[in-house]
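Protein chains in written order, with my numbering: chain A, 1 to 391; chain B, 1 to 133.
Fair warning: there could be bad hints in the mix.
[As the list claims (entries may be wrong)] BS3-like cross-link-like pairs, simulated, lysine-lysine; straight-line CA separation at most 30 Å:
| # | chain 1 | residue 1 | chain 2 | residue 2 |
| --- | --- | --- | --- | --- |
| 1 | A | K334 | A | K302 |
| 2 | A | K339 | B | K53 |
| 3 | A | K337 | A | K4 |
| 4 | A | K172 | B | K53 |
| 5 | B | K113 | A | K172 |
| 6 | A | K337 | A | K302 |
| 7 | B | K3 | A | K172 |
| 8 | A | K172 | A | K128 |
| 9 | B | K24 | A | K337 |
| 10 | B | K24 | B | K83 |
| 11 | B | K111 | B | K69 |
| 12 | B | K53 | A | K119 |
| 13 | A | K336 | B | K113 |
| 14 | A | K364 | A | K336 |
| 15 | B | K36 | A | K339 |
| 16 | B | K36 | A | K334 |
| 17 | A | K339 | A | K4 |
| 18 | A | K339 | B | K83 |
| 19 | B | K36 | B | K53 |
| 20 | B | K113 | A | K339 |
| 21 | B | K113 | A | K145 |
| 22 | A | K256 | B | K113 |
| 23 | A | K172 | B | K65 |
| 24 | A | K336 | B | K111 |
| 25 | B | K50 | B | K3 |
| 26 | B | K113 | A | K119 |
| 27 | B | K83 | B | K69 |
| 28 | B | K111 | A | K337 |
| 29 | B | K24 | A | K339 |
[Stated by the list, open to error] Derived contacts from chain B toward chain A, CB cut-off under 10 Å, selection only:
| # | residue |
| --- | --- |
| 30 | P10 |
| 31 | E54 |
| 32 | F56 |
| 33 | K83 |
| 34 | E86 |
No lab work stands behind these hints, which were simulated from the structure alone.
Glycine included, each C-beta is placed from N, C-alpha and C at the ideal position.
Residues per chain, in single letters:
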Amino acid sequence: MSFKKTVEEINEKIKRGQAVVVTAEEMVDIVKSEGVKEAARKVDVVTTGTFGPMCSSGAFINFGHTNPPLKFFEVYLNEVQAYGGIAAADVYIGATQPSEDRGIEYGGAHVIEDFVAGKPISISAYNKWPTDCYPNTELESLVNKETVNEAFLFNPRNAYQNYAAATNSSNKTLRTYMGILLPNYGNVTYSTSSQLSPLLKDPEYRTLGIGTRIFLGGTIGYIAWQGTQHNPQRKRDENGIPLGPAGTIALIGNLKEMSTRYIRAATYTGYGCSLFVGVGVPIPILDEDIAYKAGLSDEQIKTLILDYAVASNSRPVVKEVTYAELRSGWVEIKGKKVKTAPLTSYVRSREIAETLKNWIREKKFFLTEPVAPLPKDTVFKPFTPYRKGAE
Amino acid sequence: MRKKIVLNFPPRTVTKPITYHLVKDYDLIINIIHAKIERGETGVLVIEVKGKKEKFLEAVSFLEKQGIKVQLLAQDIDLDIDKCVECGLCTGVCPTQALYLDDEWHIGFDKDKCILCENCVQACPTRSISLKI
Numbered sequence: 001m002s003f004k005k006t007v008e009e010i011n012e013k014i015k016r017g018q019a020v021v022v023t024a025e026e027m028v029d030i031v032k033s034e035g036v037k038e039a040a041r042k043v044d045v046v047t048t049g050t051f052g053p054m055c056s057s058g059a060f061i062n063f064g065h066t067n068p069p070l071k072f073f074e075v076y077l078n079e080v081q082a083y084g085g086i087a088a089a090d091v092y093i094g095a096t097q098p099s100e101d102r103g104i105e106y107g108g109a110h111v112i113e114d115f116v117a118g119k120p121i122s123i124s125a126y127n128k129w130p131t132d133c134y135p136n137t138e139l140e141s142l143v144n145k146e147t148v149n150e151a152f153l154f155n156p157r158n159a160y161q162n163y164a165a166a167t168n169s170s171n172k173t174l175r176t177y178m179g180i181l182l183p184n185y186g187n188v189t190y191s192t193s194s195q196l197s198p199l200l201k202d203p204e205y206r207t208l209g210i211g212t213r214i215f216l217g218g219t220i221g222y223i224a225w226q227g228t229q230h231n232p233q234r235k236r237d238e239n240g241i242p243l244g245p246a247g248t249i250a251l252i253g254n255l256k257e258m259s260t261r262y263i264r265a266a267t268y269t270g271y272g273c274s275l276f277v278g279v280g281v282p283i284p285i286l287d288e289d290i291a292y293k294a295g296l297s298d299e300q301i302k303t304l305i306l307d308y309a310v311a312s313n314s315r316p317v318v319k320e321v322t323y324a325e326l327r328s329g330w331v332e333i334k335g336k337k338v339k340t341a342p343l344t345s346y347v348r349s350r351e352i353a354e355t356l357k358n359w360i361r362e363k364k365f366f367l368t369e370p371v372a373p374l375p376k377d378t379v380f381k382p383f384t385p386y387r388k389g390a391e
Numbered sequence: 001m002r003k004k005i006v007l008n009f010p011p012r013t014v015t016k017p018i019t020y021h022l023v024k025d026y027d028l029i030i031n032i033i034h035a036k037i038e039r040g041e042t043g044v045l046v047i048e049v050k051g052k053k054e055k056f057l058e059a060v061s062f063l064e065k066q067g068i069k070v071q072l073l074a075q076d077i078d079l080d081i082d083k084c085v086e087c088g089l090c091t092g093v094c095p096t097q098a099l100y101l102d103d104e105w106h107i108g109f110d111k112d113k114c115i116l117c118e119n120c121v122q123a124c125p126t127r128s129i130s131l132k133i
């Protein structure tokens with residue numbers, strides 16, 4: 001008879017210093033060598049990790065009120081426009097916003113990295129509509145993470161479950177968010193830590209959900225919601241792994257406590273800015289099914305290579321491949337040996353899984369049960385234009 | 001000996017076929033790494049030279065007599081490992097696998113294989129790779 005564990009029992013073991021915590025890579029080896037039954041019995045927690053670029057990143061910052069008060073309607077941080085259309089001193093800085101002076105070489109992601117590094121950030125804010133509440137019309141100053149009130153990273157989407165790989169069939173070089181794609185299937189790029197990636201190790205969201213405590217940017221964060229474009233109904237294989245981009249999670253955490261080792265700005269030439277965000281999710285091994293899926297290896301996880309020469313939201317599939325093939329450095333496309341390259345740092349993804357493992361072993365991090373599950377029935381729709389009268 | 005050198009051509013046209021003379025008169029083996037020569041502008045030619053040391057030194061004085069500035073290429077592509085996040089995206093645009101991910105998934109750079117194409121400079125998302133001549 002198969003046994004079951006609870007999150008509460010695992011937390012008790014963590015408290016007693018008896019929990020067996022391994023990284024997702026180590027779990028692959030344990031399942032291979034000892035079998036899934038033994039792995040499920042022995043292992044209590046599997047830690048995952050990923051360190052890749054995510055454009056859907058940004059941070060809310062409250063700067064405190066000026067005297068007389070100012071509504072920060074139009075606001076710039078290091079010449080990068082942020083969003084001030086919320087309460088007076090609250091601002092959202094988005095990762096992909098280019099700066100007014102340096103364009104995509106310095107954008108919102110760079111502001112966030114500099115803020116995390118503790119560097120001074122210039123702020124300029126304007127209000128064209130002064131009111132009795134907010135009579136002030138402009139402000140210019142420096143700020144840093146010590147001078148502001150709350151600052152929290154809020155990523156509407158992160159940790160994409162099985163993002164598709166990219167190539168280019170055309171005879172022109174393409175400059176994309178998947179990096180530079182050389183002509184005539186000149187290369188293939190992929191963006192995941194594969195067998196270390198959070199949503200590939202609990203593919204049916206059995207243990208992670210809204211409220212789950214995680215590693216985020218070097219500190220503790222939480223899953224806030226399903227991420228934007230969450231697409232749980234994508235076709236799945238016999239192991240429940242979706243073939244192509246499926247689930248996503250929205251993440252929240254204290255930006256002031258984060259580290260530039262795990263929050264790093266990126267510029268993709270010809271495309272724009274993005275933010276490398278370190279994410280690690282612990283998976284409590286509650287039964288054999290969870291153990292089996294947390295132990296799936298790169299040989300068992302497949303994805304699609306899409307042709308970015310077709311600028312459409314339904315790009316043609318060039319090939320289905322395993323991550324073992326992608327990570328070997330070469331794949332074959334139409335009889336040609338093609339170089340592959342990752343966008344996600346595998347070595348730093350591994351470091352995140354190791355760090356989270358150590359936090360749990362040192363009793364600094366306890367597991368949570370989701371407050372609510374991630375939905376499994378939502379649909380990711382394309383944009384559907386319609387006009388009045390056509391309803 | 002084997003050296004990488006940068007030749008800076010003056011804006012006025014150099015009429016002599018330089019690489020021909022290097023091969024024919026000084027018995028040097030030339031590998032052109034990078035060339036940018038346009039009429040009316042300062043031209044740049046990066047070459048790898050193999051041959052005898054004395055012949056090489058004679059060749060350098062020949063080049064200098066033609067008004068060509070000769071610089072040794074001490075360092076070529078510079079990878080700032082403190083800035084680099086070791087994603088490995090550069091390895092996909094490197095035509096000679098001079099940039100590679102090792103068995104432990106750390107980034108590696110084999111300078112001898114580098115042909116200074118500069119693909120990696122624009123591919124690097126953290127701007128950790130630069131060309132230093």
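The hints, checked one at a time:
1. With a CA separation close to 19 Å, the supplied pair K334 of chain A and K302 of chain A stays within the 30 Å bound.
2. For the hint linking K339 of chain A to K53 of chain B, the alpha-carbon distance of about 38 Å lies beyond 30 Å, and the restraint is violated.
3. For the given pair, K337 of chain A sits about 46 Å from K4 of chain A by alpha-carbon distance, which is inconsistent with the 30 Å threshold.
4. A threshold of 30 Å between alpha carbons decides the hint, and for K172 of chain A with K53 of chain B the separation of about 43 Å lies outside it, so the pair is violated.
5. Restraint check for K113 of chain B and K172 of chain A: the C-alpha separation of about 26 Å stays at or below 30 Å, so the hint holds.
6. Between K337 of chain A and K302 of chain A the CA atoms are separated by roughly 19 Å; this keeps the pair inside 30 Å, and the hint holds.
7. A threshold of 30 Å between alpha carbons decides the hint, and for K3 of chain B with K172 of chain A the separation of about 34 Å lies outside it, so the pair is violated.
8. Restraint check for K172 of chain A and K128 of chain A: the C-alpha separation of about 46 Å exceeds 30 Å, so the hint is violated.
9. Taken as a hint, the K24 of chain B and K337 of chain A pair is broken in the structure, with Cα atoms around 39 Å apart against an allowance of 30 Å.
10. At most 30 Å may separate the alpha-carbon atoms for a hinted pair to count; K24 of chain B and K83 of chain B exceed this at roughly 45 Å.
11. For the suggested pair K111 of chain B and K69 of chain B, the alpha carbons sit about 24 Å apart, so the restraint of at most 30 Å is met.
12. Restraint check for K53 of chain B and K119 of chain A: not satisfied, since their Cα atoms lie roughly 51 Å apart, outside the 30 Å limit.
13. Annotation: proposed proximity of K336 of chain A to K113 of chain B holds, straight-line Cα distance about 22 Å (limit 30 Å).
14. Of the supplied pair hints, the one linking K364 of chain A and K336 of chain A is violated, its CA atoms being roughly 50 Å apart against a limit of 30 Å.
15. Simply put, K36 of chain B and K339 of chain A have alpha-carbon atoms about 28 Å apart, close enough for the 30 Å limit, and the pair holds.
16. A distance of roughly 35 Å separates the Cα atoms of K36 of chain B and K334 of chain A; the hinted pair therefore is violated under the 30 Å criterion.
17. With a C-alpha separation of about 44 Å, the suggested pairing of K339 of chain A with K4 of chain A is violated against the 30 Å cut-off.
18. Between the alpha carbons of K339 of chain A and K83 of chain B the distance comes to roughly 24 Å, so the proposed pair stays at or under 30 Å and holds.
19. At most 30 Å may separate the alpha-carbon atoms for a hinted pair to count; K36 of chain B and K53 of chain B meet this at roughly 27 Å.
20. At roughly 16 Å between alpha-carbon atoms, K113 of chain B and K339 of chain A fall within 30 Å of each other, so this suggested pair holds.
21. Restraint check for K113 of chain B and K145 of chain A: the C-alpha separation of about 44 Å exceeds 30 Å, so the hint is violated.
22. Between K256 of chain A and K113 of chain B the CA atoms are separated by roughly 43 Å; this puts the pair beyond 30 Å, and the hint is violated.
23. Between K172 of chain A and K65 of chain B the alpha-carbon distance is near 42 Å, which puts this suggested pair outside the 30 Å criterion.
24. Distance check on the hinted pair: K336 of chain A and K111 of chain B sit about 27 Å apart at the alpha-carbon level, within 30 Å; holds.
25. The hinted pair formed by K50 of chain B and K3 of chain B meets the criterion: a straight-line CA distance of about 7 Å does not exceed 30 Å.
26. Simply put, K113 of chain B and K119 of chain A have alpha-carbon atoms about 38 Å apart, too far for the 30 Å limit, and the pair is violated.
27. The straight-line distance between the Cα atoms of K83 of chain B and K69 of chain B is roughly 33 Å, outside the 30 Å bound, and the hint therefore fails.
28. The suggested pairing of K111 of chain B with K337 of chain A holds, with an alpha-carbon distance near 24 Å, which does not exceed 30 Å.
29. Using a Cα cut-off of 30 Å, the hinted pair K24 of chain B and K339 of chain A is violated, with the two alpha carbons roughly 38 Å apart.
30. Hint status for P10 of chain B relative to chain A: violated, with the closest Cβ pair at about 32 Å, above 10 Å.
31. At about 41 Å, the closest approach between the beta carbon of E54 of chain B and any beta carbon in chain A exceeds 10 Å, and the interface hint on this residue is violated.
32. Because the closest C-beta pair between F56 of chain B and chain A is about 35 Å apart, greater than 10 Å, the hint is violated.
33. For K83 of chain B, the shortest C-beta to C-beta distance to chain A is roughly 9 Å, which falls under 10 Å, so the interface hint holds.
34. With a cut of 10 Å, the hint placing E86 of chain B at the interface with chain A holds, because the nearest CB-to-CB distance is about 5 Å.
In the structure shown, a violation is registered for the earlier hints numbered 2, 3, 4, 7, 8, 9, 10, 12, 14, 16, 17, 21, 22, 23, 26, 27, 29, 30, 31, 32, in ascending order.
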